[in-house]
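Chain by chain, the residues:
Number of protein chains: 4
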Amino acid sequence: MKTIGVGLIGTGYMGKCHALAWNGVKAVFGDTPRPRLVHLADVPGERAARQAAAFGFEKATEDWRALVADPDVDVVSITTPNALHAEMAIAALDAGKHVWCEKPMATTLADAARMQEAAARAGTVAALGYNYIQNPMIRHVEALLARGAIGRVNHVRFEMDEDFMADPDGAFFWKNEASSGYGALDDFAVHPLSLIHTLFGPLAKVFCHMDRPYEDRPVPGGGRRAVETFDIASVLFTLACGASGTLCVNRAAWGRKGRIAMQIFGTRGSILFDQERMNELQLFTTDGRADEQGYRTILAAPEHAPYGNFLPAPGHGLGFNDLKTIECRELLNAIEGRPARIVDFARGLEIERAVHAMARAHETGGWVEL
Amino acid sequence: MKTIGVGLIGTGYMGKCHALAWNGVKAVFGDTPRPRLVHLADVPGERAARQAAAFGFEKATEDWRALVADPDVDVVSITTPNALHAEMAIAALDAGKHVWCEKPMATTLADAARMQEAAARAGTVAALGYNYIQNPMIRHVEALLARGAIGRVNHVRFEMDEDFMADPDGAFFWKNEASSGYGALDDFAVHPLSLIHTLFGPLAKVFCHMDRPYEDRPVPGGGRRAVETFDIASVLFTLACGASGTLCVNRAAWGRKGRIAMQIFGTRGSILFDQERMNELQLFTTDGRADEQGYRTILAAPEHAPYGNFLPAPGHGLGFNDLKTIECRELLNAIEGRPARIVDFARGLEIERAVHAMARAHETGGWVEL
Amino acid sequence: MKTIGVGLIGTGYMGKCHALAWNGVKAVFGDTPRPRLVHLADVPGERAARQAAAFGFEKATEDWRALVADPDVDVVSITTPNALHAEMAIAALDAGKHVWCEKPMATTLADAARMQEAAARAGTVAALGYNYIQNPMIRHVEALLARGAIGRVNHVRFEMDEDFMADPDGAFFWKNEASSGYGALDDFAVHPLSLIHTLFGPLAKVFCHMDRPYEDRPVPGGGRRAVETFDIASVLFTLACGASGTLCVNRAAWGRKGRIAMQIFGTRGSILFDQERMNELQLFTTDGRADEQGYRTILAAPEHAPYGNFLPAPGHGLGFNDLKTIECRELLNAIEGRPARIVDFARGLEIERAVHAMARAHETGGWVEL
Amino acid sequence: MKTIGVGLIGTGYMGKCHALAWNGVKAVFGDTPRPRLVHLADVPGERAARQAAAFGFEKATEDWRALVADPDVDVVSITTPNALHAEMAIAALDAGKHVWCEKPMATTLADAARMQEAAARAGTVAALGYNYIQNPMIRHVEALLARGAIGRVNHVRFEMDEDFMADPDGAFFWKNEASSGYGALDDFAVHPLSLIHTLFGPLAKVFCHMDRPYEDRPVPGGGRRAVETFDIASVLFTLACGASGTLCVNRAAWGRKGRIAMQIFGTRGSILFDQERMNELQLFTTDGRADEQGYRTILAAPEHAPYGNFLPAPGHGLGFNDLKTIECRELLNAIEGRPARIVDFARGLEIERAVHAMARAHETGGWVEL
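Chains as they are written, first to last, in numbering that gives the first Met the number 0: chain A, 0 to 369; chain B, 0 to 369; chain C, 0 to 369; chain D, 0 to 369.
These are computed hints drawn from the structure, not numbers from a lab.
Because identical chains cannot be distinguished in the list, a pair is counted as satisfied if it fits within a single copy or across any two copies.
SDA-like cross-link-like pairs, simulated, lysine to any residue; straight-line CA separation at most 25 Å:
#1 Lys204 <-> Trp366
#2 Lys174 <-> Thr285
#3 Lys204 <-> Thr363
#4 Lys58 <-> Ala90
Throw the hints in and build the complete structure from the sequences for me.
So this is what it looks like as structure tokens:
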């Protein structure tokens, strides 16, 4: 059986998520090469060894460059802090590896551009971890739009909110530092942007306002430090396709845990979705009798590929980690030269450009064209 | 028993709504003067006579000035098309009557200002029909904010959407003409603005983008005519109290029927509400154990005044028309010199100013201060 | 204009509800006779006088027999405690009046039968206050069933739950006494039974289990007294039409405030409804593509008569009291000899018989035929 | 590292589910032995070979007895049709293996009893695949009950509904044959029973009514055949703990896809859950101010173990297959001699006895004691 050698750098939240995907993808889909879990890198080395054992990798190292140099490794999962993505991804691409890098691409636009250049140079597959687009319900949205179920789209609204930074007494940490980026804009907005790009194509122009719910935060040891990033961002935009829309993100939104809400309005209907209920989709169309119209709640089912690869029964539900398994399969499709649904570095760069345009709009107080 | 003489001008949607309020307010609240339904005006006179009979008014006329001059009339309900509000309200105020005028105040800012001047001059009560603020659940939001249930508010999001203009094949009509105003901004946005003003106070600055889902519409008899108003408006704003927010309105939003959704985020919790489920409120607080936190759905109940005046049992539900009955009682409170919860002409003028500032922001592509 | 003289006995929860209906019905529907609010009875006389003033009745009395004898009274609203219904209704019917009596009919089956005999004898209209069947959404369920939207019904589930008797520390009161009836069975079950009868016709056989969540309750002044009624009842049944079903009621169900939930399963779809969201209906049908099927939430709208008599805009919502206004209009329709949707005393007696059959099933531990 | 040898019999719906669990359990939990996927059995042998390759098993066979005899196999997953469970489980137990058998235990009570005897004889771990009890939200229900969050439970309602047998035109198949069991009772009711047993302990007595929505079904090739099983069952019961309840199951319920709904009423609150939204729980308590009470929707989070083993972020959601991974870990805990949350064969037999008692109640029309 055909196999593919896997290297994994980083074993935190997303590292484990990648590991689960690599462990499960073959059993779920059947038609992929068999992943051979070759090499795992993390620091310190003792952690690498422990995680390699748990995740089923053959070798462990604290030197990620050794992993990149390993001839048995065909594809490298990069799940380290954002500031490290560029160096690692470029090294892996230059070594002729395929790369599967978590979002966002990098902490500067220049780095993201260099990553895209390396990918173009390497000619291997370079994919980003925008897994929300892999949800069968999101694919179904795409199918509905393609078949004109709600007509031509004229307006959309996107929101992404969580509350892990909502506590005013939470200590100052790296996400409050300007070096980590703008804040909610690059931390959150890139996710809805991956959905917007996938469903509607590129943005045309943006306006943006960012806000800080808390001016400063306590520093461990005493005193307070001024917060440098913006936990809230609100964006108005128009799309190249002609529709207009809004994008609101807030990582200090008490009560929201994993909300990514979308409202899509068309000439013949509308679609609603919220990631907190990721196995549901709401569809309104003008078909049929007026007295029977209403939003219908469609539950995820085998009719919505690739749900059926996980479960033959409808309404039983996929989980967040399953999205990463689907993404892993799409990556393998791309590597195999089959049609694949991924956000590659080229599209990823467009998303980064949009984020930076939004930040510029905030600063200038006017529209910024893309 | 103390009575108050009522005149009603206009008998359409809102005219009937006022009539129902005048018929029911005494039975619901008990402590008000008894409304004496004196005079009703509409055109043609035959319609006025028919509606007077149905609504229980003593006299009918097609001359609204006769109604305004009627010495038995103490308070005048004005429910005619927006363009007529100013003339009628000013005449009634100048005649020493109390005035209860439907929103929006007028079709121009100048007219609204003249109305406010007439009210100041008259010294009688001049109230606007912003009935959504009368919902017991909205009052409860106000109480929650006042008692600090969610801490200091730092961000809010408001939406108002319906679909009565969503059909691209709908014929061109007066709401598509520039003479009717900007479109969704004055037609819809004033409602959430009444809530924002009531709950959080005045706006500080606004940015706005308006959009047309349909460039033109069929004209009865053939041909098409360019649409002059904007059915969609999206607004970013900051409040004088320091919080930021968004306001999105769309009267071409398929599937939405009476949605007025709000999300209020504070330092210790958040509140959600949607007028389509007007008897429910969702509250999240950081009180208690982390593993038991979640949005709680509070059903309208006698604890939420003045629900108990309508029903002694919780969860049984008020309707849209009941809000107007509450508003009518508040108007009577004001007339009686008691504390009252109304949007008077002074506050109404502030709302109008905000709408015009938004339109200017749309035109200039920059922030507009208020 | 044609008028009809109204007498009202009782001014509590339902008395006020009737008063509001009599005050509003003409303004809402236009096509009814004008109610003339003639006579109101309550004890003591001072309360009667105060309520007559508030509700707009001409005369007040503490002697309900005087009201029944009043020649200006054409129809008598009876909203007194259940034990008084029989005597008052029979007296009014014997005096040639129309009667509008709150549910349940009486506290004994014999009394209910006597009431029905009096109604048959009088030939006037005798209607019961089962207002939930008047909800436009329930009418729409009926229309959906009639047009075969979900095929032939084979199974139904009904629940009615509130929590006003859920507190174990609540003092013993009259609803805990056997003289008040069985408990949840006659207090609550009659409401879903009115819906079952209206939508599906009569029951064929029943099985029942009743339960007491609390064996005794504190008595004001000290000590505890054994609870004699059952706050919980669970019923299995079959219908004459062939379908089977369940009926569960609980007036000690913490968190439930006005829940009347129904699930209707047919050969081609299903329908869900919950009175706590009385302006919504959920419909699932097998029409259309499998990947687009789902429960659709239909919001109350002018398409669902007689919603449009209250509001021209969809999704704005009726309230509980509006159902009584609709019921009042149906009563007037019946009096006018027009087709009417009411639960008359004959059908009411069937509902009472079903309740007593359930109690017998509980006692015998076996099925009871109807 | 410690390993455990795994054999898997059957590779359909549940077979794949077990395979995914065995592939992922170590990476998710870290603290388990490493599963070594030794042997897979299915028929025909070619399918076994293909699935072994996909699922990552070393050996494939079409002779399940060879798998049972394999000394490298320590634990046997049995996911074959129900009628085969007894023979395979007993053989595996007699060979000294641990057994993980899908529900229900067997198609006859005698077989289930023999399985339990074999397990007692073997002294190895014998667990059943009742994975719904593994949901972190269900565990949280258990924790809430244990800490008295809703007081003493006095009434419960359970429902389980799907629609895969709702189509009246669906062809007659093995689930319509009496040899497959009673129908919805053993197919569905065992799942809620596993929850009831876990949360509240054993039943005391039951009453039951079963129903057929469709009397006959088309036979491939022409003609129709009488349906022998019951797709609907409705049960009243009392629990040994003193509470009463209802259990309703329907596998012909159009629109329901994976509904397992529970309502738990206690002296101080209530809890709601529906498997179709398996990452949510609703809790109502009487704590706090009356005007702020309401059902709160608790989203699955790391606070609800073992959610955190899958995801560090709250509200991101587990899927159905993750429940099987949790069950797998509990099985390994039991094998390791650690505390474990499983339905073993002894408890499984109690569940089977309850089902058969329900069927007897249906036949006799009276209560049956357990």
